[in-house]
Amino acid sequence: MASDSQSGNEQVILATGGYDHTVKLWQAHTGVCQRTTQHTDSQVNSLDITPDKQLIAAAGFQHIRMYDLTSNNPNPVINYEGVSKNITGVGFQEDGKWMYTGGEDCSARIWDLRSRNLQCQRIFQVSAPVNCVCLHPNQAELIVGDQSGVIHLWDLKTDHNEQLIPEAEASIQDIAIDPEGHFMAAVNNKGHCYIWSLSGGIGEEPTKLNPKHKIEAHKRYALKCTFSPDSTLFVTTSADQTARIWKTIGFSLVQELKHDEQRWVWDAAFSADSQYVLTASSDGVARLWNVVTGKVEKEYKGHQKAITALAFRDFIVRD
Amino acid sequence: MALYDNKHWLLSHIKNSFISSDDTGICEMVMLGEDIPRSLSHATKVCCYPGADQSEGEDEMDVLSHSLDMLAEMDLGVRQRPTTVQRLEKNDPDHEKADRTRFVKWENVTGYDPSEFQRKDFRKKRKDEKINSERSLLVKQLENYPSVFRNPFLDYAKFDGDAQVGVPTRRYGIFMMMLPPAERNYPLNVVVIASARVQDLIGLICWKHTMEHGDHNLGDSVDQYGLYIAEDDGEVDWDFPCLDPREVISKFGFSYLALVERKEKVPSEDSATRERNERLMEAGGVSEPRRMKAVLKDEDMQRMKGHMTAMEAPLYQSYRVCTVSKVRSRTEIQLGISGEKIEIDPVVQQRVGAKFWNRQKAVSYDIDNIAACEIIDNKTNNRGTLRLTYYSPSLTNADQDSSLHNHASISHYKHYDFETDLSTAEEIVQKINNILDLTTPIKRQEYLDLRESKPHKKRMFRLGQKQ
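Protein chains in written order, with the UniProt record's numbering: chain Y, 1 to 319; chain F, 1 to 467.
Take the hints with a grain of salt, since some may be wrong.
Unchecked claim - List of simulated lysine to aspartate or glutamate pairs, DMTMM-like, C-alpha gap at most 25 Å:
hint, chain 1, residue 1, chain 2, residue 2
1, Y, Lys301, F, Asp223
2, F, Lys105, Y, Glu216
3, Y, Lys301, Y, Glu256
4, F, Lys140, Y, Glu162
5, Y, Lys212, F, Asp121
6, Y, Lys258, F, Asp162
7, Y, Lys301, F, Glu212
8, F, Lys105, Y, Asp68
9, Y, Lys208, Y, Glu162
10, Y, Lys301, F, Asp162
11, Y, Lys157, F, Asp113
12, F, Lys120, Y, Asp159
13, F, Lys105, Y, Glu299
14, F, Lys120, Y, Asp52
15, F, Lys140, Y, Asp230
16, Y, Lys190, Y, Glu216
Unchecked claim - For the chain F half of the interface with chain Y, some residues (derived, Cβ under 10 Å), not all of them:
hint, residue
17, Arg102
18, Phe103
19, Asp113
20, Lys120
21, Phe122
22, Val139
23, Tyr156
24, Asp160
25, Ile193
Stated by the list, open to error - Here's a subset of chain Y near chain F, in silico, CB distances under 7 Å, partners left out:
hint, residue
26, Ala28
27, Thr30
28, Asn75
29, Pro76
30, Asn79
31, Tyr80
32, Cys120
33, Pro137
34, Asn138
35, Gln139
36, Leu156
37, Ala272
38, Asp273
No lab work stands behind these hints, which were simulated from the structure alone.
Here the structure is a predicted model, which is why all the values come from computation and not from measurement.
Glycine included, every Cβ here is placed at the ideal spot set by N, Cα and C.
With the rest of the complex left out, here is chain Y:
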């Protein structure tokens, strides 16, 4: 089974989406756009690839649409609807059992993908539009950030929830937890980045957040934060037209990713070996950066308007 899935599944997938109402799939190492899919009537707020790498989910206004990655079918395979406003974030449980979304209708949702009996269909309502959702690696706690600046820890098993407000009147823009579950980072519209160290989160024990550090990461709006697969780095992106890479040990700045033509940087992702970072920008160009040198290695040109979302899957090759 392992060999089967390796030959069929182990390929690099890069997808971008944005304000031109399209989702584009790229050949990451050449910069060639392989496919363009219409995302009718809506910008793309967030993208994620299903764990089996068969589908890509694009969250937009009132819809989450799933497109087939393995065929050239230009139409969505599944269209999830029934949400009254923008869906701002989308992601999957690691076994593909359910999908989580956050939306401007002030709610986070768990969508049962098996659709027969809906054993895990859930909704979590808050008092402000949800900007971001993040699933803890233990697959049982959803972190929800809202526009009023509240971070909600939603324990999916017990339905219990906790709130914390790192900074008053600062909208939480994005939240991330590193794959090893050591850190959680949140960025807000003041450009500040808060780091917590995590404890617990195993068995019956809920995750505990211990405030660790605050970085004045950017002068303007911060938009996204993401940890590297090896948990040693994290990247923050901003309206100040840069992305910045930080160490998780000492929280020092490693690299500033800056380009003359780059505008707001909306999204970012690391390569599997944490050596490269991909960014999506308002200038309609996605870029591949070398973390060590800070240079642009590839540019992905084809979008007519701002790219606001990016999804990337890469693999570790065992030689």
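Given the coordinates of chain Y, assemble chain F onto it according to the supplied hints.
Relative to the frame of chain Y, chain F by itself:
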């Protein structure tokens, strides 16, 4: 209708209907072997419809001919489907499209299964995954794909109008004139966003082309190409200059364009010229290289134009010219030239006083009888006289025996002289000569031979007279 009470006919008809309407051919396999209608008719010896007994002793396939109605369809090989089915099939893609997308509406469900949300031990799993030498597939692919292969037209990919939503686009059929003739027959369909400039479209065409046919080496700059207006059959309209590369493409309402390679910029390689250009540029501003390009382009166009007129020569075209003869005064006629023949038609004179003897009879000459066409006089007042020489056997003693052909003399060739303005005269001469080059009529060859060997022939003729 009377036939319908004929058992034999009905049986035969049913059998044939089964055979011919079954696309799988199984009915045919099953039924052809046993000929029920015939065996029935043998058994009862009644009601055979006319002609059935004639086929006795012939092979079974002949049975099919009993049902005349079905034969037409058998000939087609494919059974026509009822119109309703055809209509439904036409709608099918739409149905499929809608069917393919599954719509899932959010449902609020009360209660959930907590066991679905058990905490997983992520730390243990992560440790298992950790390995020493980590290199990602992306990095490996990057290493295997040196950046020297960078497509120079990558930057133009963003002008691709395909699958753009809410952006005005333009669709063009592009004929790639630099391809071998066999490959340039079909236009490359390009959709470009309407706000792109002409040079962006050129870049996009090159990008698309290199993506689809990597083996054709295009140049590495959009400056090497020009876009011309073209017909839907790929014929380039050379009368217009190429579209200005700086103009926005949506200004032009053509649906077919031709991408033409501008010839190598020889002067730019010549350092002396370049220096001169630079000096001119300093003096006359930035427009000089463009003027230089325009000159180059004109040369190319001239060359292509000559080529194209040759290709177009057999197409019918008519000219208004005047006949010139010693006896008659100048008479206006219409000269129609096509690949098959040359027609001379009188033009109805508008002047009432036009003399009737001036009227030229409507005649036409097969192109095989046309021997030559040349300009014999270009007068200073921009008028030209051209001579059309043709073979006219009727003028010789028609009833002479066939040996005449052996003595084909220059006297069998008559000519018309036409006068018109010089450029039209040149055009006519070129057109006719192009046709003659293409078809090489026998009479032309004879005429040319005769003309070359005129003195020799004359001597021969004299010898013949002596005998």
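Verification of the supplied hints:
no., hint, verdict
1, Y:Lys301 <-> F:Asp223, "holds (21 Å)"
2, F:Lys105 <-> Y:Glu216, "violated (42 Å)"
3, Y:Lys301 <-> Y:Glu256, "holds (21 Å)"
4, F:Lys140 <-> Y:Glu162, "violated (44 Å)"
5, Y:Lys212 <-> F:Asp121, "holds (23 Å)"
6, Y:Lys258 <-> F:Asp162, "violated (30 Å)"
7, Y:Lys301 <-> F:Glu212, "holds (18 Å)"
8, F:Lys105 <-> Y:Asp68, "holds (19 Å)"
9, Y:Lys208 <-> Y:Glu162, "holds (10 Å)"
10, Y:Lys301 <-> F:Asp162, "holds (14 Å)"
11, Y:Lys157 <-> F:Asp113, "holds (8 Å)"
12, F:Lys120 <-> Y:Asp159, "holds (17 Å)"
13, F:Lys105 <-> Y:Glu299, "violated (38 Å)"
14, F:Lys120 <-> Y:Asp52, "holds (19 Å)"
15, F:Lys140 <-> Y:Asp230, "holds (18 Å)"
16, Y:Lys190 <-> Y:Glu216, "holds (9 Å)"
17, Arg102, "holds (5 Å)"
18, Phe103, "holds (5 Å)"
19, Asp113, "holds (4 Å)"
20, Lys120, "holds (5 Å)"
21, Phe122, "holds (4 Å)"
22, Val139, "holds (6 Å)"
23, Tyr156, "holds (9 Å)"
24, Asp160, "holds (7 Å)"
25, Ile193, "holds (7 Å)"
26, Ala28, "holds (6 Å)"
27, Thr30, "holds (6 Å)"
28, Asn75, "holds (5 Å)"
29, Pro76, "holds (5 Å)"
30, Asn79, "holds (5 Å)"
31, Tyr80, "holds (5 Å)"
32, Cys120, "holds (4 Å)"
33, Pro137, "holds (4 Å)"
34, Asn138, "holds (4 Å)"
35, Gln139, "holds (5 Å)"
36, Leu156, "holds (4 Å)"
37, Ala272, "holds (4 Å)"
38, Asp273, "holds (4 Å)"
The earlier numbered hints that this structure contradicts are 2, 4, 6 and 13.
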